[in-house]
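S.K.: So the chains spell out like this:
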Amino acid sequence: MDFEPSSEQQMLIDQVRRYVREEIIPLEAKLDPDASELDPADQARLVEKTKAMGLYGIDIPKEFGGPDIDIVTRVLLAIEMAQHRAGLYVPCYGTFGGAGLAQIFEANEDQKERYLYPTLRGEKKPFFGLTEPSGGSDPARAIQTRAERKDNGWVLNGAKIFISGADRAQYGIVFARTDASKGRAGITCFIIDAGTPGFHVRRVVHTLRSSSYATELEFKDCWVSDHQVLGEVNKGFAVANDRLTRQRIPYAAGCIGVAIAAHEMAIEWAKMRSTFGDKLANRQAIQWMLVDNEIDIRTARHFTLEAAEKARRGLPFRTEAAIAKLTASEGGGRVVDRSMQIHGGMGMTKDLPLERWYREMRIRRVGEGPSEVQRMVIAREILGSSLR
Amino acid sequence: MALRLRLDKPWRPLTAEVVDRLPGQLGVYQIADAKGTIVYIGQAGARSAFGLRSELQREASQRTLGHQFRVEVNQQYRTRWFELLMVHQADHGSLPIDNAKNPPPALGRLSPN
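These protein sequences, in sequence, are chains B and E.
Heads up, the first sequence is in numbering that gives the first Met the number 0, so the first residue is 0 and it goes up one at a time.
Heads up, the second sequence is in numbering that gives the first Met the number 0, so the first residue is 0 and it goes up one at a time.
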């Protein structure tokens, strides 16, 4: 496969790269190093710019008014969008807009009117409620939140954890067990409005990602009508699983973007900084670190674009997405770590973005399926059929 | 196990003499009036020259005598700050009076136990 960008892709890459360097990074220099939001006036101004670029709502499908960017191009742009301090988790501070939750595109017409279109118009924000205190890596078995039939609807009881944005969202997608005897075939997906009685955002969960927080949710006799079931009863796991697989590709791209930014900083520093009468760049120990960075980045980029290309062609890409996520999150972590080492003491300070990337990149080895689960997915493929 | 949600350390007088002895670390703080009503929840972020000490020195120079303060050293000053604001809002139905003048955009809502 040839992963050299086409001239059209290169034009978009250059456009986004310029936007990051000329618009985002100068604003970021004035923000707290852990900031995850721009000043509202700057946010509004930049959204107008991305709209003028024709790239606003980048993840929205064409039929819903999105800019019709294929997944390979999307990966190339995601790599660019991540190349600033907040870029791993808040690429360009959300100024390219979000699609909301991919699952909502599968909603029925009534649900689209109530949730999808307001989300696309920026009037509603959703959250995604899958992980529970009982575990996140194996949601099919770990989900203990129950939904039981009552009064032409469902009563939810249980808890969710590590849920981003639930305290600010107007609604969320929540997975609950509707048939305890059926494992993954007994899970249903519900749309829960923020004000629904019995739905509580109980606390903030502080993590290494100190720029923003996750929350813990509780459902206590929370009744919702049948109209709030997304998709079919007992078929909610497929909805979650599809999202988890697709999400791994842009997730990997973000890691690559940050790795590239860290690597470029390390190269620049190595050429400038002298110790014991010579530039760091002339020392083999440093050269080898930079070479290892380069290899990690190229490897992750190759596998991520391979996964994206398979997805674009409509081919199975589960294994490729797992390889991409694994190589990008683990390789990206190593790149940031080596780049900090090259920077010495300065690399540990909040003056530079490296320390934030280091903390946030560590989470990437767990988020969206930990490295061990990715290896399980890959192992199943290897053991299930010969490489030949 | 969840961390403690609310700050419950004893109040200390907001005077130059007391705040000059504070650490230069990052964290969060609360200011109360003489009756102990919280009037402001603040954070000492990484752009503060001397963290909590700088922020409380500024507060002491701008507020009248009788105000009190308490601090929590915390590297996660931003998320802890949001948490304290949301907990205050849940407990009292509104933000502290000085935060309400300039509330953070899109503050979330908690219903803590």
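What the hints contain is simulated information worked out from the structure, not anything from laboratory work.
Note that the coordinates shown come from a computational prediction; the quantities given were computed from them, not determined experimentally.
Some hints could be false.
Here's a subset of chain B near chain E, in silico, CB distances under 8 Å, partners left out [claimed, not checked]:
1. S5
2. Q8
3. E27
4. D31
5. P32
6. S163
7. T195
8. V200
9. Y212
10. E305
11. K309
Computed list of chain B residues with no C-beta within reach of chain E, every gap over 12 Å [said to hold, decoys possible]:
12. D69
13. Y116
14. R202
15. H205
16. K349
17. R355
Every residue gets a Cβ at the ideal spot worked out from N, C-alpha and C, and that includes glycine.
S.K.: All the hints need checking, so say for each whether the structure fits it.
M.R.: Hint by hint, here is what the structure shows:
no. : hint : in the structure
1   : S5   : violated, 38 Å
2   : Q8   : violated, 34 Å
3   : E27  : violated, 12 Å
4   : D31  : holds, 4 Å
5   : P32  : holds, 5 Å
6   : S163 : violated, 11 Å
7   : T195 : violated, 12 Å
8   : V200 : holds, 5 Å
9   : Y212 : holds, 4 Å
10  : E305 : violated, 36 Å
11  : K309 : violated, 38 Å
12  : D69  : holds, 32 Å
13  : Y116 : holds, 21 Å
14  : R202 : violated, 6 Å
15  : H205 : violated, 5 Å
16  : K349 : violated, 4 Å
17  : R355 : violated, 10 Å
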